[in-house]
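With these hints in hand, go ahead and build the complete structure from the sequences.
Each protein sequence line maps, in turn, to chains A and B. Everything in the first sequence is counted per my numbering, starting at 1 for the first residue and increasing by one. Everything in the second sequence is counted per my numbering, starting at 1 for the first residue and increasing by one.
Derived by calculation from the structure, the hints in this document are not laboratory data. Take every hint as true, because none was put in to throw you off.
One copy or two, it doesn't matter: identical chains are merged, so the pair holds either way.
Simulated crosslink set (PhoX-like; lysine-lysine; CA at most 25 Å straight-line):
1) Lys92 / Lys64
2) Lys169 / Lys404
3) Lys243 / Lys64
4) Lys110 / Lys169
5) Lys243 / Lys69
6) Lys92 / Lys69
7) Lys145 / Lys110
8) Lys271 / Lys17
9) Lys112 / Lys145
10) Lys92 / Lys278
11) Lys87 / Lys243
12) Lys145 / Lys349
13) Lys64 / Lys3
14) Lys92 / Lys112
15) Lys349 / Lys169
16) Lys281 / Lys92
17) Lys92 / Lys110
18) Lys54 / Lys17
19) Lys349 / Lys92
20) Lys331 / Lys378
21) Lys112 / Lys169
There are 2 protein chains.
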Amino acid sequence: MKKYFYTCFDCDRIFDKDHVEKELIYLCPDCRTVEKNQPLRGVLLINYDYDSIKIKYRKADLLKLQPGKFWQYGYLWPLEFENGMLKGFDEKLLERVSLGTNCLQEYSYKGKNFLVIDDTRNPTLSFKDRASSLVALKAMQLGIKEISAASTGNAGSSLAGICTRLGLKSRIFVPKNIPEAKRIQIQSYGAELIIVDGDYDLAFDTCLEIAHQKKWYIRNTAYNPLTIEGKKSAAYDIFIASKGNVPDLIFIPTGDGVILSGLYKGLWELKELGWIEKIPKLIAVQAEGSNALVRYFKTQSFEYKPANSVADSICAGAPRALYYAHESIVKSTGDAIEVSDVEIIEAQKFVAQNYGILLEPSSSASFAGFKKYFHSNKIGAETALLLFTGNGLKDISALRIWNKDVEPLGANHIKEKQ
Amino acid sequence: MKKYFYTCFDCDRIFDKDHVEKELIYLCPDCRTVEKNQPLRGVLLINYDYDSIKIKYRKADLLKLQPGKFWQYGYLWPLEFENGMLKGFDEKLLERVSLGTNCLQEYSYKGKNFLVIDDTRNPTLSFKDRASSLVALKAMQLGIKEISAASTGNAGSSLAGICTRLGLKSRIFVPKNIPEAKRIQIQSYGAELIIVDGDYDLAFDTCLEIAHQKKWYIRNTAYNPLTIEGKKSAAYDIFIASKGNVPDLIFIPTGDGVILSGLYKGLWELKELGWIEKIPKLIAVQAEGSNALVRYFKTQSFEYKPANSVADSICAGAPRALYYAHESIVKSTGDAIEVSDVEIIEAQKFVAQNYGILLEPSSSASFAGFKKYFHSNKIGAETALLLFTGNGLKDISALRIWNKDVEPLGANHIKEKQ
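In structure tokens, the structure reads:
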């Protein structure tokens with residue numbers, strides 16, 4: 001049997017990998033729904049022959065690896081390997097897209113310890129590098145040289161940076177309210193930047209339309225099956241860094257739901273392989289102004305509302321991976337909660353001033369959610385892990401709110417002050 | 001004999017470590033010169049019993065370690081260890097100050113390959129974390145809770161972030177032209193920020209004056225012997241990541257000369273231990289507007305000139321470690337060169353657009369220097385390594401110069417454009 005195959009999330013139909021990859025099929029042809037301001041239908045998942053993997057590979061060997069280099073365990077990635085090495089790449093080339101150290105850090109809030117996995121120090125300073133790397137490596141193995149993506153900023157700057165590191169061309173579609181530092185990051189990497197006169201949802205649809213016409217490879221989140229797949233690497237990094245003792249609860253900043261879906265996918269695989277006993281409860285944390293998944297979790301019905309929050313990276317009126325993200329929460333017996341913009345900024349400030357980690361607002365949502373859960377007495381002896389997904393320097397405007405400029409003091413003034 | 005001792009760079013006098021550390025002596029009492037706009041005299045270096053280390057420890061064991069965690073080889077650090085662990089710290093606490101992955105990346109410029117060690121993804125996104133971590137860990141072992149520093153921005157944001165991660169208080173003195181993102185980074189970490197009405201040299205002197213009065217521990221670069229010592233970790237990371245095959249040339253952005261000095265110190269130790277055969281040639285790269293070391297290298301005389309360059313992090317009219325930095329260049333048979341602000345910005349753009357790495361201007365100076373050297377036919381078959389020392393997002397203003405805002409396009413416009 002082939003190393004892996006594609007499965008439709010909605011109808012469970014199985015697709016041969018060569019067919020999908022040769023034809024560049026992104027969604028299930030039967031279930032495919034790509035409608036304006038709607039979650040996607042027909043998302044494809046990648047599955048492996050877990051029974052064979054279980055026999056051939058050992059948990060103990062995986063645990064010996066260094067986090068952040070997913071190509072070390074090639075049997076779990078939809079890429080071609082030869083003699084244990086990613087075909088066509090040497091170690092120094094791969095080092096260019098190696099993630100941050102990603103070992104677990106531990107901090108404490110009001111006596112309750114929590115763990116952090118820090119993706120703010122990835123190559124382009126966000127979690128999105130996990131998906132961009134896999135998409136770009138796959139593109140290179142397929143002989144593709146140009147990749148496009150719609151983005152609120154991070155996925156785009158990530159794709160732009162990763163593509164340049166690997167010698168590919170990228171084209172990025174962004175909403176007009178993109179934070180300046182993210183726009184500049186995308187441009188700096190030499191990507192073509194297209195700003196649409198509207199929000200992320202418009203950028204998403206416009207990107208698909210033009211990219212299909214121009215035959216560019218598309219990295220749009222959830223749309224390209226390798227985005228969920230790439231993000232599953234976080235599950236393996238947590239597994240490796242925790243020496244196999246995965247936490248009980250994981251708090252995840254959630255917009256499109258792809259980080260959540262990818263994390264679940266990886267944890268599900270680890271359970272399938274018998275390498276963990278229980279999947280941690282996944283807690284989606286959304287901004288009040290972009291809470292489609294929270295509403296869907298309560299009512300099982302989706303209703304589009306334009307998204308609006310200071311946490312621009314998790315603004316998504318129509319979460320593209322809504323259905324798989326929802327299933328991930330349900331199957332992990334997790335939860336979906338929302339936090340206000342005020343709570344998000346307070347969390348950003350608290351994390352910076354108490355733990356010395358500068359997060360962008362979307363990223364500090366995970367702490368705001370953890371804090372809310374903690375104060376609702378919903379965490380007892382359970383171990384909690386927070387995903388820190390984007391660096392604070394990617395959006396100075398949010399930091400300006402609580403860091404005012406200071407009057408310079410002359411030497412004489414300083415002396416007087418004493 | 002004691003594990004280590006302090007030696008004056010100028011008079012070679014040896015000082016007992018307990019005396020130096022109990023009395024908080026920063027400079028040699030005999031040679032000490034701290035004058036406005038002058039390099040320091042009496043800088044203390046830390047020396048170990050290399051003959052014993054050589055017998056007790058093996059090169060092969062050091063090469064097995066992971067770069068970025070200097071406390072793994074405790075025999076080379078002025079800290080207390082117990083059962084192989086840093087006394088008073090567990091692994092999870094140390095993980096908070098663990099550096100970036102710091103494996104070597106390889107890129108190519110006009111057919112010439114070069115290596116990069118990427119310090120732009122350290123905890124606060126700059127090389128300065130190497131010194132701040134060692135200073136902060138030492139402070140904690142000495143029972144000190146407050147640390148002060150003068151900084152052009154990076155050393156300050158580094159100390160602020162590292163202190164907060166470890167539960168210490170910091171007070172940072174900066175010049176009034178500090179880039180906004182760096183100011184905000186310092187403030188965000190909860191440090192006390194003092195802006196002086198002048199340049200870095202004034203900030204340095206003001207910090208010393210007030211800190212001594214208030215009895216705060218001082219991290220000022222070169223002044224505190226642990227800054228040069230902390231920066232030597234880069235030499236060990238290069239040694240480990242290159243599997244013992246250190247490069248022939250290393251290009252180093254240079255302001256105060258402490259990175260250069262620290263790097264030399266580490267390489268000198270590796271040679272002293274017999275673990276490398278030859279010290280790489282160290283090439284200091286300065287900005288034309290802040291070129292005191294270049295002038296000293298030519299004339300052996302120091303003359304103060306106010307520093308002015310777009311590369312704010314390497315602006316130092318009076319390089320504090322001038323004399324040791326100069327000796328490092330001479331003993332490594334290296335060089336000191338200068339690049340213009342235009343070359344620095346061009347290098348920033350080139351590195352971002354071709355290698356996908358966003359550097360701040362001071363950091364791209366190393367590439368500008370490498371390029372200049374290359375085009376002067378001064379690099380043949382020699383292997384070259386560049387230090388990338390600070391992340392581009394620490395100073396958006398420089399990136400604004402070559403990344404203009406883009407007009408948003410409505411969906412219709414985009415269609416028309418096709």
